[in-house]
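Student: Kindly generate the complete structure, drawing on both the sequences and the hints.
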Amino acid sequence: ETGVTQTPRHLVMGMTNKKSLKCEQHLGHNAMYWYKQSAKKPLELMFVYSLEERVENNSVPSRFSPECPNSSHLFLHLHTLQPEDSALYLCASSQAGFQPQHFGDGTRLSIL
Amino acid sequence: AQKVTQAQTEISVVEKEDVTLDCVYETRDTTYYLFWYKQPPSGELVFLIRRNSFDEQNEISGRYSWNFQKSTSSFNFTITASQVVDSAVYFCALNSGGSNYKLTFGKGTLLTVNP
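So the sequence lines, in the order shown, correspond to chains P and B. So in the numbering used here, the last spot in the first sequence is 112, and the numbers never skip. So in the numbering used here, the last spot in the second sequence is 115, and the numbers never skip.
Quick caveat, the hints were computed from the structure, so don't treat them as lab data. Some hints here could point you the wrong way.
Below, in silico cross-link-like pairs of lysine-lysine (DSSO-like), each with a Cα-Cα straight-line distance of 27 Å or less [stated by the list, open to error]:
1. K16(B) <-> K41(P)
2. K38(B) <-> K36(P)
3. K36(P) <-> K102(B)
4. K16(B) <-> K36(P)
5. K102(B) <-> K40(P)
6. K22(P) <-> K3(B)
7. K107(B) <-> K16(B)
Tutor: In structure tokens, the structure reads:
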């Protein structure tokens, strides 16, 4: 299995829908991350969980809600999104306090 | 504050040419880490290298080499004898400032290797 798996790979949703992105890591890491990658912009760190506790939240709107039930799984719950939220959402994992981060393939999200 | 600048937005070369991707960083910390990642069209960021601030030795891995120069705050990446499979976006990143979790990324350089 690949190290970091993200599902779905593609998601199209309306602004009033609720959906969730899923990330699973098989590397034995204990820190997990959500990033947003928009066209022509640097990767933006959204959330970091270490040992299942949120340690970073970079002023992300409340319409994005993360959940980390255990060290291998990370979710991003989405509701009432805006068109500008269309982007590639990348999940990563690492050993807490150490780099490098290992990334998944991402979920390409399109908001209609 | 930390900052990473990749001045080259796009580079296009012909197969077998050598190509260098530039990365300039800014940090006030004396301890920091620098990284290069490759992002092929599939989307996944692939880790290539990590270098800490106390190790200025250049590194070579096959056709890839990295030149770290603290005097110019640069961490450049050279691909020798480029191949079509090298086509991707390449990101330089910096970890410093006391946060073990935060990576500051450059905007990336799109490398296209033509046959």
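Student: Each hint should be assessed against the structure and marked as holding or not.
Tutor: Results for each hint:
A distance of roughly 30 Å separates the Cα atoms of K16(B) and K41(P); the hinted pair therefore is violated under the 27 Å criterion. At most 27 Å may separate the alpha-carbon atoms for a hinted pair to count; K38(B) and K36(P) meet this at roughly 16 Å. The suggested pairing of K36(P) with K102(B) holds, with an alpha-carbon distance near 14 Å, which does not exceed 27 Å. The straight-line distance between the Cα atoms of K16(B) and K36(P) is roughly 34 Å, outside the 27 Å bound, and the hint therefore fails.
In summary, the hint linking K102(B) to K40(P) is supported, as the alpha carbons are separated by about 20 Å, within the 27 Å threshold. The suggested pairing of K22(P) with K3(B) is violated, with an alpha-carbon distance near 30 Å, which exceeds 27 Å. Restraint check for K107(B) and K16(B): the C-alpha separation of about 26 Å stays at or below 27 Å, so the hint holds.
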